[in-house]
Amino acid sequence: MPFGAGQQLLHYRLVEQIGEGGMGVVWRATDTTLDRDVAIKVLPAEFAADADRLARFEREARLLASLNHPNIAAIYGLHEADGVRFIAMELVGGEDLSQRIARGPLPVAEALGIASQIAEGLAAAHEAGVIHRDLKPANVKLTDEGKVKVLDFGLAKSHERASASGP
Numbered sequence: 315m316p317f318g319a320g321q322q323l324l325h326y327r328l329v330e331q332i333g334e335g336g337m338g339v340v341w342r343a344t345d346t347t348l349d350r351d352v353a354i355k356v357l358p359a360e361f362a363a364d365a366d367r368l369a370r371f372e373r374e375a376r377l378l379a380s381l382n383h384p385n386i387a388a389i390y391g392l393h394e395a396d397g398v399r400f401i402a403m404e405l406v407g408g409e410d411l412s413q414r415i416a417r418g419p420l421p422v423a424e425a426l427g428i429a430s431q432i433a434e435g436l437a438a439a440h441e442a443g444v445i446h447r448d449l450k451p452a453n454v455k456l457t458d459e460g461k462v463k464v465l466d467f468g469l470a471k472s473h474e475r476a477s478a479s480g481p
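Residue numbers 315 to 481, in the working numbering, belong to the letters of the sequence shown in order.
Derived from the structure by calculation, the hints contain no laboratory data. Hints are supplied without guarantee of correctness; some may be wrong.
[What the hints assert, rightly or not] Distance condition first, Cα-Cα at most 16 Å in a straight line; then the derived EDC-like pairs of lysine to aspartate or glutamate: (1) Lys461 to Glu434; (2) Lys461 to Asp410; (3) Lys450 to Asp396; (4) Lys450 to Asp410; (5) Lys450 to Glu394; (6) Lys461 to Glu404; (7) Lys461 to Asp396.
All chains should be built: construct the whole structure from the sequences, respecting the hints.
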């Protein structure tokens with residue numbers, strides 16, 4: 315099913331596509347019940363028919379839901395509407411770290427502040443038994459308020475599963 319601005323998924327109205335990755339398309343959306351902006355990650359229909367990809371998508375949602383930290387983007391819910399599976403999550407404004415790096419060298423103090431917040435988020439994830447497995451500048455958002463948010467735990471594994479299946 316093709317998606318477009320204005321389309322409704324449950325109580326979320328799609329506004330604009332803001333990203334695309336291995337596990338789906340990400341939309342800026344409006345939660346019409348709570349009147350707030352959110353990010354919606356839609357699992358492509360062909361992935362929903364693939365048991366392994368569907369399990370990975372649902373695992374991402376469960377892992378994200380287990381994390382509650384100011385340096386990790388929050389998840390609001392895992393939903394299905396008209397056969398479409400999607401995750402509603404915190405919409406994080408600002409630029410990603412790869413965009414910031416492309417603008418030029420970071421002053422040492424700024425780089426240390428960013429690294430510290432990334433480390434705090436990852437430490438919280440590890441304490442909850444979650445390994446990110448795809449940390450890269452494009453998966454780190456820098457908000458206009460100076461906060462760092464780690465995003466896209468799509469390849470994440472729990473410590474237990476990672477230990478049992480290897481790296």
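Here is how each hint holds up against the structure:
1. At roughly 12 Å between alpha-carbon atoms, Lys461 and Glu434 fall within 16 Å of each other, so this suggested pair holds.
2. Taken as a hint, the Lys461 and Asp410 pair is honoured in the structure, with Cα atoms around 11 Å apart against an allowance of 16 Å.
3. Straight-line distance between C-alpha atoms of Lys450 and Asp396 comes to about 34 Å, which puts the hinted pair past the 16 Å bound.
4. A threshold of 16 Å between alpha carbons decides the hint, and for Lys450 with Asp410 the separation of about 10 Å falls inside it, so the pair holds.
5. Between the alpha carbons of Lys450 and Glu394 the distance comes to roughly 29 Å, so the proposed pair goes past 16 Å and is violated.
6. Annotation: proposed proximity of Lys461 to Glu404 holds, straight-line Cα distance about 14 Å (limit 16 Å).
7. Taken as a hint, the Lys461 and Asp396 pair is broken in the structure, with Cα atoms around 36 Å apart against an allowance of 16 Å.
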